[in-house]
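Participant: What follows is the residue order along each chain.
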Amino acid sequence: MAEHTKKVYLQPIPVRIWHWLNALGIVTLAVSGAQIRFPEYITLLGSYKSAIYLHNTAGFVVALSFTLWFFYYVFIARSMANIYVPKAEDLKTGLLRQAKFYFLTYFLGWENPHHPTPKNKFNPMQKSAYLAIMFVLMPLVSLTGIFLTNVEPLRGVIVMMGGLKILMSVHFLLACCLIAFLPTHVYLTTLGRTPMEHIKTMWTGWEDEIDVAEEDEGRVALH
Amino acid sequence: MNRSYPDKVLLVAFLWALLLAPCPLMAMESEDCLMCHGDADMVSGSLVIEPRTFDTTAHAILGCVVCHDAIGDDHPGGSTKTSRATCLDCHDSLGHEYQMTTHAAYASCGDCHNPHEARGMKEMAGYDMNTKCVQCHESQMMVEIHKEWLPQADLHIAKLPCITCHTGSQRYEIVLNIVAKENDRIFSRYELPDYQTLKEVSDGRDILSLIDTSGDDFISIKELRHFNLNPEYKELRLEGTLVPSDVSHQLSTLDNRYDCTFCHVSGPQSLQTSFLAIPKQDGGYRRVAVEQGAVLDAVYGTPDFYMIGTTRSASMNIIGLLIISGGLVMPVGHGLLRFLTRKNRQH
Ligand code: HEC
Ligand code: HEC
Ligand code: HEC
Ligand code: HEC
Ligand code: HEC
Ligand code: HEC
Ligand code: HEM
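So the sequence lines, in the order shown, correspond to chains A and B.
Each residue of the first sequence is one higher than the last, beginning at 25 in my numbering.
Each residue of the second sequence is one higher than the last, beginning at 8 in my numbering.
Source of the hints: derived by calculation from the structure; they are not laboratory data.
We treat Cβ as the ideally placed atom computed from N, Cα and C, and that holds for glycine.
Just so you know, not all the hints are guaranteed correct.
Stated by the list, open to error - Sample of chain A residues at the chain B side, in silico, Cβ under 7 Å:
hint : residue
1    : 60
2    : 108
3    : 111
4    : 115
5    : 180
6    : 207
With the sequences and hints as input, model every part of the structure.
Facilitator: Spelled out as structure tokens, the structure:
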């Protein structure tokens, strides 16, 4: 490492555990879900029954790890609002600035205008996207999933919501949104200085930071 | 009707023999017997035969004395016990199929059927077929037994006739039933309403007219949608179930019922075909054909009937595919420009 680089501890352990459990869980859910919906074309996971049991288990794991994530940010780090909710200026100027970077200046070789710190991890576009994923998509998919595994006891509520088919369609379309998020998300994580930079950070927790001036009092280790 | 050919010959021969033979017993008509046996004041307990029910069953055409041919002249006095035909006399092949099963040791025809209330499978709503089984196999207990290998056992036991799985029939079909809110509570359960209740909802008109607005004895998807969206019928829903297409008394389980995809796979023509069961005054049901593919309709054909893997709708699949393709725009589009401008980023 060069003298002036220092490392920032960006992704604490609970976030990393949640993240990889979640990633594994979502991929499993997508594959087993595909087999459950299209059993005559997809038989990757063996029998139909095993696909169902796997899907239910993965759903359970994802819901659990979601809870871990939620509790960590709300009660331990107490930084949920700060990290995930876009601020007024993020919406007014930040989004545009970040979009300009992704779709224009990035190709010209300019630096990312956003520098992640533990207290301000995400750029305005990440904030908005993650907010939608974590506060709308994930809870709704999990909730509809819980309903679908308890159709008989919850029949009355399901009818109130418009019926089993509405519930099923919501679950399916939201799941498609999550699946669509995957390639976009994975691709965007390769936009660091090196393609693996962010992914390594998500694994080790540490990110290289060059700009000393923008530092804040977060946990920083100088090299 | 799935009675085998030899069975029919047997029946017809039997009936003709009775008609042609100069049989003095025929003098006593069903009405005569029912004068006493249809009147709870004259006889009691199991001796009472509800005339209105009997008249609508498949056995009504036979009349009492065909099955009770040896009856004392001084009936009900005297010491001669009235004879009773056995089911096997007429239902030969179905009866023998049953006699060959292990279950024959546990229950006889009479344990499941009352000869005076016999109804064919096509005259039943579906779940009511289970009233026979639950006399001996209690529902909650069955959920426990099936849970060991069947996901969502409670749902399966609640929604399917036992004989859809415990049958020799290789095919099944969909029957839709009108169900009504049990009470005023918001999360009330839905139950099969009886004829009277539905008659009140339809203001005394034919119950079928609730759904079949065109009156052509055929239910189109448009009519289903109209019914499902009609705020007037908010308390009514359509539930679906699968019933075997062929009558069979092979109650022990076929191996392929362990394989969920026997039912949970799209494609078998049987799932395109569905019927609506309309309650009749006599407690039976009649089936009305429903337009092909109604249960596959995205949302409003049958909003409460969905079988994973089977009744997925094609339009939802297309929307889903579009969403997923949307997720590839960034990696493909951005990735291409990124590749083309890679020189700009070589510091
Ligand atoms: C006059 C009234 C009356 C008529 C008509 C009548 N029954 Fe009965 N039946 C009775 C009564 C009363 C009993 C109960 C007798 C007893 O408990 O000993 C009875 C008993 C029976 C029983 C059960 C006892 C047994 O004999 O096995 C059968 C079966 C039966 N009736 C069949 C018939 C049939 C079939 C007809 C018409 C062909 C008929 N009954 C006509 C009054 C009647
Ligand atoms: C398809 C044949 C069949 C017809 C038709 C039929 N029965 Fe029966 N009936 C039986 C059989 C079989 C039994 C014996 C049932 C049992 O033991 O559970 C029986 C039993 C009875 C009993 C005695 C019930 C008891 O608890 O012992 C009466 C009474 C009776 N029938 C009257 C009638 C009358 C009246 C009619 C005409 C309205 C009639 N049956 C028509 C087959 C028939
Ligand atoms: C005397 C002959 C005879 C006897 C005995 C008899 N049945 Fe039947 N059964 C018939 C006839 C005839 C039909 C009407 C068949 C048809 O509509 O094709 C019928 C129809 C039925 C049906 C309705 C099936 C349908 O196609 O609608 C059932 C259920 C049934 N019988 C059960 C029994 C049982 C149980 C017994 C014994 C208690 C029995 N039957 C005894 C002649 C008999
Ligand atoms: C374990 C319960 C059980 C036993 C025992 C049983 N059945 Fe059935 N049977 C059913 C059920 C369930 C149906 C389908 C629903 C209905 O029609 O009632 C049925 C239907 C029938 C039908 C109507 C078929 C049709 O065409 O719709 C006949 C006839 C019949 N059974 C005859 C018999 C005879 C004869 C015996 C004795 C050998 C017998 N059953 C024993 C349960 C039983
Ligand atoms: C008169 C009581 C009685 C009725 C009615 C009855 N059963 Fe049974 N059944 C038994 C008994 C007793 C056993 C053996 C003990 C056990 O396994 O619970 C049995 C066993 C079974 C078995 C497992 C053994 C085998 O044959 O493979 C099946 C499956 C079954 N019943 C299905 C049914 C269905 C479906 C119905 C309704 C159409 C029905 N039973 C109605 C008494 C009954
Ligand atoms: C989804 C299909 C399905 C339905 C619906 C279903 N069963 Fe079964 N049932 C099975 C299969 C498959 C087995 C064999 C399980 C085994 O041997 O472990 C079985 C086993 C049984 C057994 C025997 C259990 C034992 O100890 O071996 C009984 C009794 C039974 N079923 C009764 C019923 C009754 C009664 C109903 C209706 C309330 C019913 N089943 C509904 C598929 C079904
Ligand atoms: C195998 C697939 C995945 C890879 C390789 C991956 C990679 C990464 C990386 C490198 C980060 C770091 C932050 C960034 O630069 O954006 C990250 C963060 C994040 N990822 Fe993923 N991810 C995957 C799957 C998922 C899935 C399936 C979801 C949600 C459904 C998800 C949701 C998130 C969220 C919300 C963050 C922000 C985490 C935080 O709170 O710090 N990821 N991911």
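Participant: Give a verdict on every hint.
Facilitator: Going through the hints against the structure:
no.: 1; hint: 60; result: 6 Å, holds
no.: 2; hint: 108; result: 21 Å, violated
no.: 3; hint: 111; result: 25 Å, violated
no.: 4; hint: 115; result: 21 Å, violated
no.: 5; hint: 180; result: 3 Å, holds
no.: 6; hint: 207; result: 5 Å, holds
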